[in-house]
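Using the sequences provided together with the hints, build the complete structure.
Per my numbering, the sequence shown starts with residue 54, numbered consecutively.
Any given hint might turn out to be false.
Derived DEER-like restraints, expressed as beta-carbon distance ranges [said to hold, decoys possible]:
#, residue 1, residue 2, range
1, T76, A120, 56 to 66 Å
2, L65, G108, 27 to 37 Å
3, K55, K100, 31 to 41 Å
4, A109, N77, 45 to 55 Å
These aren't lab readings, by the way, just hints derived from the structure by calculation.
Just so you know, even glycine gets a beta-carbon here, dropped at the ideal spot from N, CA and C.
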Amino acid sequence: MKAILIIGVAVLLMVVGGWVTVTNTDGSTTVTLDKDEVKADTAEAVKKGEDLVDGAVQEGRDLIDRATEKDKNETSPTAEE
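So this is what it looks like as structure tokens:
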């Protein structure tokens, strides 16, 4: 039952996202998957994910640099000594 619910939600999201269209003409129902839309959306999602990772990496490097600089400043002897 849980699997059916998950599949139903996934299909609903694909319809809302424009990936899947359902048409009914002359008693014939057609379900179409727009592969180009799926490719475009997934490429955009991958790009955003890469940007997020790159930003997090840069932020981590900045934090390390600040901590290293602070440590150097705290352990170096002052000019008065």
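Consistency of the hints with the structure:
no. : hint                     : result
1   : T76 <-> A120: 56 to 66 Å : 59 Å, holds
2   : L65 <-> G108: 27 to 37 Å : 32 Å, holds
3   : K55 <-> K100: 31 to 41 Å : 33 Å, holds
4   : A109 <-> N77: 45 to 55 Å : 46 Å, holds
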